[in-house]
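Position one of the sequence shown corresponds to residue 1 (the numbering used here), numbered consecutively onward.
Among the hints, erroneous ones may be present.
[Said to hold, decoys possible] Calculated lysine-lysine pairs in the DSSO-like style (CA-CA distance at most 30 Å, straight line):
1) K256 <-> K275
2) K256 <-> K300
3) K162 <-> K181
4) K275 <-> K162
5) K205 <-> K162
6) K256 <-> K103
7) K201 <-> K162
8) K201 <-> K103
9) K181 <-> K201
10) K300 <-> K205
11) K275 <-> K300
12) K300 <-> K181
13) K205 <-> K181
14) K275 <-> K415
[Claimed, not checked] Listed next, with one range per pair, are the computed distances between beta-carbon atoms:
15) G213 <-> K16: 39 to 47 Å
16) N350 <-> G419: 18 to 26 Å
17) P118 <-> E285: 45 to 53 Å
18) K16 <-> S238: 13 to 21 Å
19) R305 <-> E97: 52 to 60 Å
20) E152 <-> L128: 19 to 27 Å
21) I4 <-> G79: 25 to 33 Å
22) S238 <-> S375: 26 to 34 Å
23) L330 <-> R14: 54 to 62 Å
24) E208 <-> P322: 20 to 28 Å
25) R420 <-> S375: 41 to 49 Å
Since the hints were made in silico from the structure, they are not lab data. All C-beta atoms in this analysis are idealised placements derived from N, C-alpha and C, irrespective of residue type, glycine included.
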Amino acid sequence: MSEIAIRVESLGKRYKIGSGQSYDRFSEVLQTAHKTIFSAFRKKLRSSQSEQTQDFWALRDVSFDVREGEVLGVIGRNGAGKSTLLKLLSRITEPTEGRFGVKGQVGSLLEVGTGFHPELTGRENIYLSGTILGMSRAEIRAHFDEIVEFAEISQFLDTPVKRYSSGMYVRLGFAIAAHLKPEILIVDEVLAVGDIRFQRKCLGKMEEVAQQGRTILFVSHNIQAIRSLSHRSIWLNSGQIERYGPTEETTSAYLKEMFSLPEDLAEQGGFALRKVELFNQHGAETNEFRHGDRLRIRMKYRCSRPISSPHFIVVIHSAHGPVLAANMLLDGRCPEQIDGEGELECTFLNLPLLPQSFSVSLGVRHVSTNSAVYSQDNIAEFFVSGVLSDYDLHGEVGDMLMERSLPVTTPYEWKLPDGRILPVNFNPNEN
1 MSEIAIRVES
11 LGKRYKIGSG
21 QSYDRFSEVL
31 QTAHKTIFSA
41 FRKKLRSSQS
51 EQTQDFWALR
61 DVSFDVREGE
71 VLGVIGRNGA
81 GKSTLLKLLS
91 RITEPTEGRF
101 GVKGQVGSLL
111 EVGTGFHPEL
121 TGRENIYLSG
131 TILGMSRAEI
141 RAHFDEIVEF
151 AEISQFLDTP
161 VKRYSSGMYV
171 RLGFAIAAHL
181 KPEILIVDEV
191 LAVGDIRFQR
201 KCLGKMEEVA
211 QQGRTILFVS
221 HNIQAIRSLS
231 HRSIWLNSGQ
241 IERYGPTEET
251 TSAYLKEMFS
261 LPEDLAEQGG
271 FALRKVELFN
281 QHGAETNEFR
291 HGDRLRIRMK
301 YRCSRPISSP
311 HFIVVIHSAH
321 GPVLAANMLL
331 DGRCPEQIDG
341 EGELECTFLN
351 LPLLPQSFSV
361 SLGVRHVSTN
371 SAVYSQDNIA
381 EFFVSGVLSD
391 YDLHGEVGDM
401 LMERSLPVTT
411 PYEWKLPDGR
421 ILPVNFNPNE
431 N
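Let's have the full structure, built from the sequences with the hints guiding it.
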């Protein structure tokens, strides 16, 4: 069995944060005491600082092991403590409590520019980073050309890095960390900056590094990348470990919590959405789907007064905007009236969506007055799982085309409160 490369025991990091105005106005200081202005100011300053700071635990009681050659994914919402954990393991900051040990040299790619001297050129920073890793100039020189080629910065090699764009920073930082061969590679959201083509390039390099038997800690919001690369994963929640284990189980639990559905949203125009549920073609309630699945959205509502001829509009959004819609204003199918409690379903019969996260919005309008009854974003969220190769998509720019593609149409149907099912088919030959 391989040895432990990273051991973390009860690790915690506490920060002091302000909870209000840090200092009193100088005019208030002048009015406070019969002492001198300066003694009053010092007194007010000290009391203000002590009264208006509080402890914030960015990380607490975190324990885990990573074996040599293992890829460990770290997931969690923004502010969960992921970046703090990596900064501690990279020795950028010191823990407040607990301890950790690492076996071997650590190469880190954290925030843009971390580890670079802004006044030095790209060339000089490559040699500086290699020296910090304990490499000789000859060893650095042996990898120099492949670092420059991977980072795609040959034109700017002798330019101070303070003039680099964020994308250039990331490309150079990742190239150095991946090619100078530290035993442990720590990467914080490499997919957050830079174009999609380079993101794929980074993932490919990380797969190569993993196959070489080096240890990797990888933070990302890209669940498919986490699933593709990591053996086990940690889900951090409010600075503590929510779940730690096999990646498939950990990410599934995280997605279920992340995409939990809202209940009892605020009433608008006499209409309130009470609950939203998502089902697949097997009738199972879920928020994880695959390309081609049936997505049934059940919306339970309550009306405080009768609403005549309400036209429902259901829109599915990606991070880049709307991609699918079912719109009664266009198809003309709508209930005559709704009142009291009821439910309405919208089913997309065949999801033409590639792996991404999606949200659902709902609008309700009066067609006679062309006025809005109800409008609510993010009534539900779901995730399409899989990787592009699952769909026989192997193009080098496939990700770029997917991200920038136009909205897609797909057959769908409505099930009205009285039970009628009204299909909509976009094929003109079948209408």
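Hints, one by one, checked against the model:
1. At most 30 Å may separate the alpha-carbon atoms for a hinted pair to count; K256 and K275 meet this at roughly 16 Å.
2. Simply put, K256 and K300 have alpha-carbon atoms about 20 Å apart, close enough for the 30 Å limit, and the pair holds.
3. For the given pair, K162 sits about 25 Å from K181 by alpha-carbon distance, which is consistent with the 30 Å threshold.
4. With a C-alpha separation of about 51 Å, the suggested pair K275 and K162 falls outside the 30 Å cut-off, and the hint is violated.
5. With a C-alpha separation of about 26 Å, the suggested pair K205 and K162 falls inside the 30 Å cut-off, and the hint holds.
6. This hinted pair does not check out: K256 and K103 have alpha carbons roughly 35 Å apart, beyond 30 Å.
7. At most 30 Å may separate the alpha-carbon atoms for a hinted pair to count; K201 and K162 meet this at roughly 24 Å.
8. Taking the CA atoms of K201 and K103, the gap is near 28 Å; set against the 30 Å cutoff, the hint holds.
9. The suggested pairing of K181 with K201 holds, with an alpha-carbon distance near 17 Å, which does not exceed 30 Å.
10. Of the pairs offered as hints, the one joining K300 and K205 is violated, with about 47 Å between alpha carbons and a cut-off of 30 Å exceeded.
11. This hinted pair checks out: K275 and K300 have alpha carbons roughly 5 Å apart, not beyond 30 Å.
12. Between K300 and K181 the alpha-carbon distance is near 55 Å, which puts this suggested pair outside the 30 Å criterion.
13. With a C-alpha separation of about 12 Å, the suggested pairing of K205 with K181 holds against the 30 Å cut-off.
14. Between K275 and K415, the direct Cα distance comes to roughly 16 Å. Compliance with the 30 Å bound is thereby established for this hinted pair.
15. For G213 and K16, the hinted distance range of 39 to 47 Å is satisfied, since their beta carbons lie about 41 Å from each other.
16. In this structure, N350 and G419 meet the distance hint of 18 to 26 Å, their C-beta atoms being roughly 23 Å apart.
17. P118 and E285 have their C-beta atoms about 52 Å apart, which keeps the hinted 45 to 53 Å range intact.
18. The supplied range of 13 to 21 Å is met by K16 and S238, whose beta-carbon atoms lie about 18 Å from each other.
19. At roughly 57 Å, the beta-carbon separation of R305 and E97 lies within the given 52 to 60 Å, and the hint holds.
20. Here the CB-CB span from E152 to L128 is close to 20 Å, well matched to the stated 19 to 27 Å.
21. Between I4 and G79 the Cβ separation comes to about 29 Å, which falls inside the hinted range of 25 to 33 Å.
22. Taking 26 to 34 Å as the suggested C-beta distance range, the pair S238 and S375 conforms, at roughly 31 Å.
23. For the hinted restraint 54 to 62 Å between L330 and R14, the CB-CB distance of approximately 55 Å keeps it satisfied.
24. Roughly 37 Å separates the CB atoms of E208 and P322, a value that falls outside the hinted 20 to 28 Å.
25. Judged by the Cβ atoms, the range 41 to 49 Å given for R420 and S375 is violated: they are separated by roughly 25 Å.
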